[in-house]
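**Student:** Just so you know, the protein sequences line up as chains A and B, in that order.
Just so we're aligned, residue 1 is where the first sequence starts under this note's numbering, counting upward by one.
Just so we're aligned, residue 1 is where the second sequence starts under this note's numbering, counting upward by one.
It is possible that some hints are incorrect.
Stated by the list, open to error - Below 25 Å or equal to it, Euclidean Cα-Cα: the simulated DMTMM-like pairs (lysine to aspartate or glutamate) are: (1) B:203 <-> A:161; (2) A:145 <-> B:137; (3) A:145 <-> A:64; (4) B:203 <-> A:66; (5) B:251 <-> A:87; (6) A:145 <-> A:31.
In short, the hints are calculated from the structure, not lab data.
Note that the coordinates shown come from a computational prediction; the quantities given were computed from them, not determined experimentally.
Number of protein chains: 2
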Amino acid sequence: MTKPLILVTNDDGITSPGIKALVEVAQEFGEVVVVAPDKAQSGMGHAITLEDTLRKKSVNLFGDIEAYSCTGTPVDCVKLAVNVFLDRNPDLIISGINHGSNASVNVIYSGTMSAAVEGAMEHIPSIGFSLLDHSIDANFETSKKYVAIVIKSTLDNGLPEGVCLNVNFPKLGEAEIAGIKICRQCNGNWTEEFDARKAPSGKEYYWLTGVFMNYEPEATDTDIWALDNGFISIVPVHSDMTAYNTIDTLKNWKLG
Amino acid sequence: MTKPLILVTNDDGITSPGIKALVEVAQEFGEVVVVAPDKAQSGMGHAITLEDTLRKKSVNLFGDIEAYSCTGTPVDCVKLAVNVFLDRNPDLIISGINHGSNASVNVIYSGTMSAAVEGAMEHIPSIGFSLLDHSIDANFETSKKYVAIVIKSTLDNGLPEGVCLNVNFPKLGEAEIAGIKICRQCNGNWTEEFDARKAPSGKEYYWLTGVFMNYEPEATDTDIWALDNGFISIVPVHSDMTAYNTIDTLKNWKLG
């Protein structure tokens with residue numbers, strides 16, 4: 001029996017500790033190939049490279065495991081891996097472990113999750129993993145145990161066509177984890193506060209900063225609620241962005 | 001009565017003919033401010049600039065209209081405009097007119113549409129407009145007539161919280177347009193065919209190319225069907241990517 005082929009990618013770049021943790025877990029389940037960005041690509045969303053070329057470099061960062069760093073975005077990495085580098089379709093694509101949350105609306109800004117969404121769009125079961133800890137020396141040990149559980153369940157059960165998983169881990173030790181909760185994406189957003197500064201030339205420039213606002217703090221079925229209450233959150237995600245409940249409203253508009 | 005404030009942006013860059021066409025229509029409806037990328041940002045999706053600064057430049061490209069080019073992505077432009085540059089909240093954000101289709105899954109790759117989605121996330125009625133013609137000298141005259149109709153209806157009716165519109169125009173003259181159709185996002189994707197080449201150094205590099213595949217060619221309620229049949233397509237779009245019909249499936253998984 002052929003071992004499952006597992007493609008690993010991320011958005012923090014191929015040298016980040018989070019992807020190393022993910023590769024270590026993935027090895028228990030099959031043959032692993034890593035194709036990840038050569039630099040940090042956080043906040044790249046579903047960006048692809050249309051106006052430039054893409055290059056890859058073979059890297060020796062994961063022992064015996066075949067690994068390539070790429071010049072493009074996380075979505076580019078998935079496209080290149082599936083369509084060019086791999087000689088058969090992967091059985092699973094996993095992305096992360098991201099240093100920082102991808103819960104709620106972060107899913108739409110996240111390169112980690114966009115790689116998983118792209119995997120689902122390419123008909124491959126895909127999962128994005130994120131830990132609510134931005135620090136470079138985040139401790140992934142507890143996350144790794146649950147990554148294994150989610151990978152095993154996904155390989156056993158499969159995923160519906162076009163659907164991937166958004167898995168977020170609270171920054172907690174194993175004894176404090178309340179369990180795993182299946183959720184929906186919380187309705188919330190970042191309230192931006194741009195930091196405006198002056199360059200030595202006198203010209204203004206801006207840094208994006210912000211504070212997350214939960215628009216439905218009372219709801220108990222959201223990923224933010226789960227994480228705030230010590231649970232690991234899993235949200236099924238797809239690429240259909242149609243606001244179905246607005247279709248009838250629009251049909252009543254007089255559009256000439 | 002204060003005239004509506006209309007923010008105009010795009011992803012093809014502030015010098016593209018498509019944004020000029022959009023500004024010309026917007027002027028009929030209110031006070032217009034343009035904040036758009038200083039270079040082409042096609043395929044940038046919902047990318048934001050986290051690791052670099054953002055700069056703006058006042059430009060004189062649209063007669064008397066206040067206009068700024070920005071170093072960031074289309075989503076950065078919306079965030080900066082709403083949170084820094086404008087002294088009151090815009091009543092409408094319009095993005096485009098994109099040179100090329102943003103129907104079906106293009107919505108997720110598109111900087112044009114991501115700007116509109118970001119507008120909706122900031123609680124502002126927002127619309128992305130695209131013409132199915134990639135050429136730099138595309139004819140926007142017919143599109144402009146319908147842009148006016150959609151802007152008027154949106155200002156008159158408003159849009160539900162968090163919802164924006166994805167409007168695509170077929171490449172047809174006015175006499176050939178079959179009408180306007182409210183649709184859902186077609187299920188389809190790009191089949192990638194990377195063009196692998198060798199640099200003079202002997203190293204390989206890749207260009208992303210692809211062919212669009214419609215996974216549901218029989219369905220008549222999709223944006224692709226509408227456009228293929230001479231209609232202007234309007235899809236309501238939101239940022240909730242939850243695959244709701246998979247939640248119960250996942251709740252039946254044994255997750256330890």
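**Student:** Sort out whether residue 161 of chain A lies within 25 Å of residue 203 of chain B, counting only the CA atoms.
**Tutor:** This hinted pair is violated, its Cα atoms lying about 37 Å apart.
**Student:** Would you check the hint for residue 251 of chain B and residue 87 of chain A, treating anything up to 25 Å between C-alpha atoms as holding?
**Tutor:** Outside the cut-off at roughly 34 Å; violated.
**Student:** With the threshold set at 25 Å, check whether the alpha-carbon distance from residue 145 of chain A to residue 137 of chain B stays at or below it.
**Tutor:** violated (56 Å)
**Student:** Are the Cα positions of residue 145 of chain A and residue 31 of chain A separated by 25 Å at most?
**Tutor:** It holds: about 19 Å lies between the C-alpha atoms, which stays within 25 Å.
**Student:** Can the restraint linking residue 145 of chain A and residue 64 of chain A be considered satisfied, given a maximum Cα separation of 25 Å?
**Tutor:** holds (22 Å)
**Student:** Does residue 203 of chain B pair with residue 66 of chain A here, judged by a C-alpha cut-off of 25 Å?
**Tutor:** holds (18 Å)
Checked against the numbered hints above, the structure violates hints 1, 2 and 5; every other hint is satisfied.
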